[in-house]
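Trainee: From first to last, the protein sequence lines stand for chains D and S.
For the first sequence, this note's numbering assigns the number 160 to the initial residue and increments by one for each residue that follows.
For the second sequence, this note's numbering assigns the number -10 to the initial residue and increments by one for each residue that follows.
These are calculated hints, taken from the structure and not from any lab test.
Worth double-checking, as some hints may not be accurate.
[Said to hold, decoys possible] Facing chain S, from chain D, some residues (calculated, C-beta under 7 Å):
#  : residue
1  : ARG194
2  : MET195
3  : ARG199
4  : HIS318
5  : LEU319
6  : ARG324
7  : ASN328
8  : GLU355
9  : ALA356
10 : SER357
11 : THR360
12 : LEU362
The model shown is predicted, which means the values in this text are computed figures rather than measured ones.
All C-beta atoms in this analysis are idealised placements derived from N, C-alpha and C, irrespective of residue type, glycine included.
What follows is each chain in one-letter form.
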Amino acid sequence: MEIGGLIFLTSGLYMGWSLGANDAANIFGTAVGTRMVRFRTAAIISVIFITAGAVVSGAGTAHGLGALGAVNALPGSFTVSLCAAFTVMWMTRAGLPVSTTQAIVGAIVGWNLFSGYPTDQEALTRILGTWISGPILGACIAFVLFFVVRFALNRLSLHLIKLDRYTRNGLMIAGAFGAYSLGANNMANVVGVFIEASPFTDLSVFGFTFTGTQQLFMIGGLAAGLGVATYSKRVMMTVGSNLFKLSPVTAFVVILSTATVLFLFASEGLAHAMESVGLPSFPLIPVSQSQAAVGSIIGIGVAKGGRNLNLKLLLNIVLGWVATPTVAAAISYVALFIMQNVFMQQVFT
Amino acid sequence: MARKQEPISKQEAGREGIGRVFGSRTKALEMEIDQYLSCVDQCVLLLGEALKKYLDGDLERFEEKSREIDEAEKSADELRRGITHRIYAEMLIPDSRGDVLGLIETTDNVPDVAKRVVSHFSIEQPEVYPFLKPDFEELIEICLKAARELTLAIRAFFRELYRVSEHLEKVHFWEHQADQVEDRLKRKAFESTEIKQFSKRVHMRYFAERISLLADEAESVADRLSISVIKRSI
């Protein structure tokens, strides 16, 4: 592979790093912030399971995203990915609600507009549909889980000290599931735009053949791991102590329900199983993890009687649906123009 | 008699190391908390016994019970220190650590009050007039009930959170009753013509207030507990 190819991959690596630093931190934020789980344990679990999720099950959502627009030149992929990452960084700094998923979709639409390729309306509708159904599903799952956990706790009458031990283990298991689902569902945001223009060829190691796509997902997973190792601790401490103050048991419910949402929208096996029995399957689309988490928190708020429901959270979600893709599409369009006309790179074929 | 906490031997520490895997650390802490609450219960029950003996004029048995209260209070103190150390040293319940330690610290005021009440009786030996004896007995009985409900509430806090409020309501009820009996007792003492000296009337008032302090302390722990319950409920 040429050095140029590697350079163009850096924006994807940056997206991966950002996924590890921010989204993985959402999974273990409360657990580490409240010191229920050590950072090192959380980091190891995150790295292993994000990478596993990405390699084993990441391709499904990548196809879903690819249906929107197949970025077919490496400099184009680089620009689209960089613009999504820049949108996330800029909006985060400005304190605006932002989601990697919505940023990458906006950036791809920007590429479609620039290159003149038509945006598949059906794919776009399907993606927009999951943005709405993701948080709603999160709220419903968290609502049910909340009552199940509360019933179980009342029934079992565990000593506070024993409950503490079970909660720690529960947070680690749910965290592993959350990391796996994150890798499976959201890694498409990181490497999806590179698939069509992948610089990798099949690689055989000890009799195993890794396809170019699998190698991409593996690299994405490692970049996320780097994000976890280098920056996520700071974010975890913020999530655990500032943002949404959750008790460890409530955090367990939120992680489990968020992970379930991401898993439902990422698992090819589940989709096939549902189709085989004649049930409608979930579309394999990247959904916003933070919005699924906010949906879950709202679900718990409703289960508690709706007294502490923060309607600003709902407004943030809706704002994220509109603002993030619009900003990302605009930045992507301008950046592609500069890339093509200033740096003389072919951004589409 | 409350069991004294023995220092952990090297062998026991070794067993603890192995037990880490099987959660014996948490089991030990659970036991220590239960033992601590038993010590508090014991202090309260012994206080009732001691004061009964005093009111019956059996000073020898009263002093004997006083010494037992002393021992139980000392054991409670040692257990409390052990629990605090264990929770911090072994990084247990990080989320509710502050609440649990605060709860145990304030609960410690209950055996402290029991110890001080018998000590004051022992030193000052107040002359309890026969017409006030039934009121003192009633006050003691009610205060013991308040303290007993408190320890039940604390036990429920650790095991059955949904049961705490019913015990807390009873603590508040008995504290209110104690206030009424205390008020009645003090009025009787000051309105009676049987007590000739003003200082003795004051003495009766003072001891009524001292005994009633047990219910007051139980109520202040109960107030703290009710906040912890809200924080702990998911």
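Trainee: Does the CB of D:ALA356 sit less than 7 Å away from some CB of chain S?
Mentor: 48 Å, violated
Trainee: Given a cut of 7 Å on the nearest C-beta pair, is the interface hint for D:MET195 held or broken against chain S?
Mentor: This interface hint holds because 6 Å falls under the 7 Å limit.
Trainee: When the nearest CB of chain S is found for D:ARG194, is that gap smaller than 7 Å?
Mentor: Since the shortest Cβ distance to chain S is 4 Å, the answer is holds.
Trainee: Regarding the hint that D:ASN328 lies at the interface with chain S, is the smallest CB-CB distance below 7 Å?
Mentor: Violated - the Cβ of D:ASN328 stays beyond 7 Å from chain S, reaching only about 10 Å at its closest.
Trainee: Quick check on D:LEU362 please, does its C-beta sit within 7 Å of some C-beta on chain S?
Mentor: 41 Å, violated
Trainee: How about D:THR360: closest beta carbon in chain S under 7 Å, or not?
Mentor: 47 Å, violated
Trainee: Min Cβ distance, D:SER357 to chain S: is it shorter than 7 Å?
Mentor: 45 Å, violated
Trainee: Holds or violated: D:LEU319 as interface residue toward chain S, Cβ cutoff 7 Å?
Mentor: Status holds, d = 5 Å.
Trainee: Given a cut of 7 Å on the nearest C-beta pair, is the interface hint for D:ARG199 held or broken against chain S?
Mentor: Violated - the Cβ of D:ARG199 stays beyond 7 Å from chain S, reaching only about 14 Å at its closest.
Trainee: If you take the shortest Cβ to Cβ gap from D:GLU355 to chain S, is it below 7 Å?
Mentor: 46 Å, violated
Trainee: Is the hint on D:ARG324 kept, meaning its closest Cβ partner in chain S is under 7 Å away?
Mentor: 5 Å, holds
Trainee: Hey, does the D:HIS318 contact hint survive, CB to chain S under 7 Å?
Mentor: Constraint on D:HIS318 satisfied, holds at 5 Å.
Hints 3, 7, 8, 9, 10, 11 and 12 from the list above are not met by this structure, while the remaining hints are.
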